[in-house]
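Both chains come to you apart, so use the hints to assemble them.
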Amino acid sequence: MSPIPQSAPTAKAPEVSPDVARVLARSPAACFRQGTIQSLPFMLVILPFGLLFGVVATEAGLHITQTMGFSILVLAGASQFTAVQLLVDQAPTIVIILSALAVNLRMAMYSASLVPWIGSASPRARGVVAYLLIDQTYALSIREYEKYPDLTVRQRLAYFFGTCLTCCLPWSIATYLGATIGSAIPESWALDFVIPITFLAMIAPILRTAAHMAAALVAIVAALGFSFMPSGTGMLIAAPLGMATGALFETWMARQKAKGAGHV
Amino acid sequence: MSDLKIWFVIVVLGIGTYLLRWSFLGAIGNRPIPVWAERMLRYTAVAVLPALVAPLVVWPAATEGQPDPARLTAAAATILVGLFTRNTLAAILGGGGTLFAMLYLLG
Numbered sequence: 001m002s003p004i005p006q007s008a009p010t011a012k013a014p015e016v017s018p019d020v021a022r023v024l025a026r027s028p029a030a031c032f033r034q035g036t037i038q039s040l041p042f043m044l045v046i047l048p049f050g051l052l053f054g055v056v057a058t059e060a061g062l063h064i065t066q067t068m069g070f071s072i073l074v075l076a077g078a079s080q081f082t083a084v085q086l087l088v089d090q091a092p093t094i095v096i097i098l099s100a101l102a103v104n105l106r107m108a109m110y111s112a113s114l115v116p117w118i119g120s121a122s123p124r125a126r127g128v129v130a131y132l133l134i135d136q137t138y139a140l141s142i143r144e145y146e147k148y149p150d151l152t153v154r155q156r157l158a159y160f161f162g163t164c165l166t167c168c169l170p171w172s173i174a175t176y177l178g179a180t181i182g183s184a185i186p187e188s189w190a191l192d193f194v195i196p197i198t199f200l201a202m203i204a205p206i207l208r209t210a211a212h213m214a215a216a217l218v219a220i221v222a223a224l225g226f227s228f229m230p231s232g233t234g235m236l237i238a239a240p241l242g243m244a245t246g247a248l249f250e251t252w253m254a255r256q257k258a259k260g261a262g263h264v
Numbered sequence: 265m266s267d268l269k270i271w272f273v274i275v276v277l278g279i280g281t282y283l284l285r286w287s288f289l290g291a292i293g294n295r296p297i298p299v300w301a302e303r304m305l306r307y308t309a310v311a312v313l314p315a316l317v318a319p320l321v322v323w324p325a326a327t328e329g330q331p332d333p334a335r336l337t338a339a340a341a342t343i344l345v346g347l348f349t350r351n352t353l354a355a356i357l358g359g360g361g362t363l364f365a366m367l368y369l370l371g
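From first to last, the protein sequence lines stand for chains A and B.
For the first sequence, the working numbering assigns the number 1 to the initial residue and increments by one for each residue that follows.
For the second sequence, the working numbering assigns the number 265 to the initial residue and increments by one for each residue that follows.
Bound conformation, chain B alone (with noise of 0.2 Å):
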């Protein structure tokens, strides 16, 4: 792992992903988006955000991608939390705690 190669990727990495949380709100700035994109847009957090967890959740990398009963406990009490408080701190609270008392009655 050379200093060269990990300033490239960092620099790189670092404008490349400007340009991604630029691009519309800078190159296309209050021009009417279509009503089709803006319905699809609506969607864009509860899309996103499961599809990047989903894996994590399903296959942690702690446990060497087997899925593992408390993180999977710990995963359907914050969804459920926060369904029912509707309140993202609750939910990490009651998330976190379901996870830290699976991993200790688990042992």
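The following block holds chain A by itself, in its conformation from the complex (with noise of 0.2 Å):
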């Protein structure tokens, strides 16, 4: 969503409440701290998920500087499980990058999609903001911007960081505690589970429109079509698809309403 738009039919001065004016009125470092207490929940998360990756990579056999190397470097969950079971598999090296890559493939994305709201940020500034865009950090900052589109750049960016630092930092610092207590979690608490349910539990509330229900069933659909290809790269073909059907399905109801309106 495109922070011009939304605006454009309306020819009238645009309206604010005094909730968004608000939002708006808020220093970089107010939306920093905001976006710091939105992300909290996601620690709930992002804990046990770190906690259980210091366990199975060492478990795997990896030492600590290791699996720390995994979460601070590359710092993107799902991928660096992907390359520890591969690697206790016994995968050749490149299968291994190109299947972890392949789960990563969300975050251009991502990329992509935040350009229309923080596109014009200093280089260094989205240096940063590309090494930090995890899924949750993005989930969060595209809500708040599409929530408030009159948000200023650098507000944006004070957001972002902030949803970093509930997000981010705890990852490292659960990896290594994890690691550390090794193999005391019993298996019986079903973590493997958490991954999913975080996962749904950021999908749902986004479901907005029809379109993106659509989307969202697409992309279901193909993805359990499509699991009999190698790990990660099913989502390939799944995830253009569902894309593809959201954008279809909002440009067939634009029409549809234009077409309404013609007859009145």
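Because the hints were derived from the structure by calculation, they are not lab data.
Warning: the hint list may mix true and false statements.
[Claimed, not checked] Covered stretches of chain B (in silico footprint by chain A; criterion: 3 or more residues with CB under 8 Å from a CB of chain A, positions within the stretch not fixed):
#: 1; region: 265-276
#: 2; region: 280-288
#: 3; region: 299-306
#: 4; region: 313-325
#: 5; region: 330-340
#: 6; region: 352-360
[To be verified] Listing some non-contacts, in silico: residues in chain A with all C-beta distances to chain B over 12 Å:
#: 7; residue: Glu15
#: 8; residue: Thr36
#: 9; residue: Pro92
#: 10; residue: Thr152
#: 11; residue: Ile173
#: 12; residue: Ala239
Think of the CB as a built atom: it goes at the ideal place given N, C-alpha and C, for glycine as much as any other residue.
Here is the structure:
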């Protein structure tokens, strides 16, 4: 959702509600705090998930510096698990790297979808944002940007970095703890399902329109259909299919609406 | 599993992942994105995350790929709570609670 077209159709001066005005008046520091606070719930997810990675990597035979290397240099949970799993399976190096990168291909899509919002920031700021761009910081920030399209770029960056404090830093800390306490976590806790529940909990609230639902549905069906393909690669087909479905559905609905308006 | 191989994977994966994240933000900057691309990107999150998660829900690794009633119910509960409350934390708690309850009941 681009910042401009939303207000374009109404010729009247935009009426800003007091709530929105208060958000827009926030200083960058207040935006940072807001990002930090609003992402606190994600710590409930990131901590056990990072803990789990530390445990899994240690049990796979990785040294603690290697485990930390993953969490600091890669900073992408699903791909870290993929890489460790394939290392254990003695897969060829090139296969490990390509599979894990395939899992992360969505990051490029996140990167692209942030351009309309923070593309005019300095190259250095964008470089730092790129390092910290994970599912949670992206999901929170894009939601805030779409909710308050009139925030300035400085406010948007401040909010983003605020989410990073509660989403990215605990990832390293939890990994370290997990690697240290090792296998003390009982298997009956079913921590494996932390990932699916987190992701589903992030998706459901943003299924705002029929187009969003259609996009998700097609992506799910396609992902299941292509699951015979090597790990992570089926998603490379399923996700673009879902995105195209959402875009086409939106175009179609806009046309229906225009047609309806024409008859009046 | 040699140390060299592990570090090679970590460093190359780290650089590759960074370049993926940097791609559009860094290289394209504030040049305008075509309307059709923007329309596609609006559906990134709702397409990518479900695609990533669907196989994990239906064929969980923890049960060696066998569909598992507890995990399927927990996934459904997460979605329902998320849809009705529009609240991520509520959805996580709903899903997690359901999972533990189901695992306990099915023992």
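Problem - No chain B beta carbon within 12 Å of A/Ala239's - result: Contrary to the label, A/Ala239 does not stay out of reach of chain B, its closest Cβ about 4 Å off (not over 12 Å).
Exercise for the section: Given that the region 352-360 of chain B was listed as covered by chain A, double-check it with a C-beta distance under 8 Å for 3 or more residues. Expected result: Since 6 is at least three, the answer is holds.
Practice task
Verify that the Cβ of A/Thr36 lies farther than 12 Å from every Cβ atom of chain B, and report whether the claim holds or is violated.
Solution key: holds, 15 Å
Exercise for the section: Evaluate the condition: distance from the CB of A/Pro92 to the nearest CB of chain B exceeds 12 Å. Expected result: violated, 10 Å
Handout entry: Three-residue Cβ test at 8 Å for the coverage of the region 299-306 of chain B by chain A
Key = Three-residue rule met by the region 299-306 of chain B, so holds; n is 7.
Exercise for the section: Would you check whether the claim that A/Thr152 is not at the interface survives, using Cβ distances to chain B and the 12 Å cut-off? Expected result: For A/Thr152, whose nearest Cβ neighbour in chain B is about 14 Å away, the distance exceeds 12 Å, so it holds.
Handout entry: Non-interface claim for A/Ile173, where every Cβ of chain B lies beyond 12 Å
Key = At about 19 Å from chain B, A/Ile173 clears the 12 Å cut-off, so the statement holds.
Handout entry: Cβ contact check, 8 Å cutoff: the region 313-325 of chain B against chain A, three residues minimum
Key = Coverage by chain A holds here, the residue count being 13 at a Cβ distance below 8 Å.
Problem - A/Glu15 remote from chain B - nearest C-beta pair above 12 Å - result: holds, 24 Å
Handout entry: Given coverage of the region 330-340 of chain B by chain A, tested with a Cβ cutoff of 8 Å and a minimum of 3 residues
Key = It holds: at least three residues are needed, and the region 330-340 of chain B offers 4 whose Cβ sits within less than 8 Å of chain A.
Practice task
Can you take a look at whether the region 280-288 of chain B is actually covered by chain A? Rule is 3+ residues, C-beta closer than 8 Å.
Solution key: holds (count 8)
Exercise for the section: Go check the region 265-276 of chain B versus chain A for me, would you? Three or more residues, Cβ under 8 Å, otherwise it fails. Expected result: holds (count 10)
The structure does not agree with the numbered hints 9, 12 stated previously, though it agrees with the rest.
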